[in-house]
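In the working numbering, the protein residues as written are 1 to 147.
Incorrect hints may have been included.
Think about it this way: if two alpha-carbon atoms lie no more than 30 Å apart in a straight line, the pair counts; the simulated DSSO-like pairs of lysine-lysine are [what the hints assert, rightly or not]:
(1) K139 / K119
(2) K86 / K119
(3) K139 / K60
(4) K60 / K78
(5) K128 / K60
(6) K139 / K86
(7) K86 / K60
(8) K128 / K30
(9) K60 / K30
(10) K78 / K113
(11) K113 / K30
(12) K119 / K30
(13) K111 / K86
(14) K139 / K111
(15) K60 / K119
(16) K111 / K60
(17) K139 / K113
(18) K139 / K78
Derived by calculation from the structure, the hints in this document are not laboratory data.
Since the structure is predicted, the reported quantities are computational estimates derived from the model, not experimental observations.
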Amino acid sequence: MRARLALAAGAGVLALAGCSATGPSGPELKVSGAYIPQPVLADMAAGYLTLTNTGGTDAKLTSVTSDFAGDITMNTTKNDQMLQVKALTVPAGGRLDLSLGGNHLMFMDLKHKPMAGDKVSLELHFAKGSPIEVRVPVKPATYRPQG
């Protein structure tokens with residue numbers, strides 16, 4: 001009987017921990033619209049996507065990794081100048097757009113030049129929480145998303 005009570009109490013603690021980690025108070029992230037334009041150069045490419053946060057707290061994107069590139073940086077554009085940043089915030093109840101002319105990813109030291117139709121695996125890392133894996137399509141260099 002004592003073993004059953006201890007087991008039930010332990011299950012209750014695990015259930016509560018699960019609720020707090022995935023509840024509305026934490027970030028709830030979704031990736032959409034991800035793409036990489038087919039690069040012109042063999043060793044460098046850019047990447048774009050939208051991160052939507054329907055949760056109750058901000059999420060901080062701290063890095064992106066991939067076997068596809070030797071180095072990946074996060075950048076913002078201000079006054080027509082590209083600036084490397086250490087993190088980008090996905091606001092609670094909002095979104096972070098990585099788009100042409102604004103925030104974006106830069107892939108340097110490419111292992112191979114991706115072609116339109118290929119897919120590249122990325123892992124998005126955050127200050128808190130688990131990474132998100134994304135398969136990103138490579139689009140023609142002239143591709144521009146609608147909307």
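| field | Given hint K119 paired with K86 - CA-CA distance at most 30 Å | value | Distance of about 26 Å is within 30 Å: holds.
| Taking 30 Å as the top limit, are the C-alpha atoms of K139 and K86 close enough? | 27 Å, holds
| request: With a cut-off of 30 Å on the C-alpha distance, tell me whether K78 and K113 pass. | output: Within the cut-off at roughly 28 Å; holds.
| request: Would you check the hint for K60 and K30, treating anything up to 30 Å between C-alpha atoms as holding? | output: 14 Å, holds
| said: Hinted pair, alpha-carbon criterion (30 Å max): K139, K113. Please report holds or violated. | reply: Answer holds: K139 to K113 is near 13 Å, not above 30 Å.
| message | Tell me if the straight-line CA distance from K139 to K119 falls inside 30 Å. | response | 9 Å, holds
| task | Verify the proposed pairing of K119 with K30, using a straight-line Cα cut of 30 Å. | result | 19 Å, holds
| query | Does the structure keep K139 and K78 at a Cα separation of 30 Å or less? | reply | 26 Å, holds
| If you draw a straight line from the CA of K60 to the CA of K119, is it 30 Å or shorter? | 25 Å, holds
| Taken at face value, is the distance from the CA of K60 to the CA of K111 at most 30 Å? | Judged against 30 Å, a Cα distance of about 27 Å means the pair holds.
| task | Sort out whether K60 lies within 30 Å of K128, counting only the CA atoms. | result | 8 Å, holds
| query | K139 and K60: Cα distance at most 30 Å? | reply | 27 Å, holds
In summary, this structure violates none of the numbered hints.
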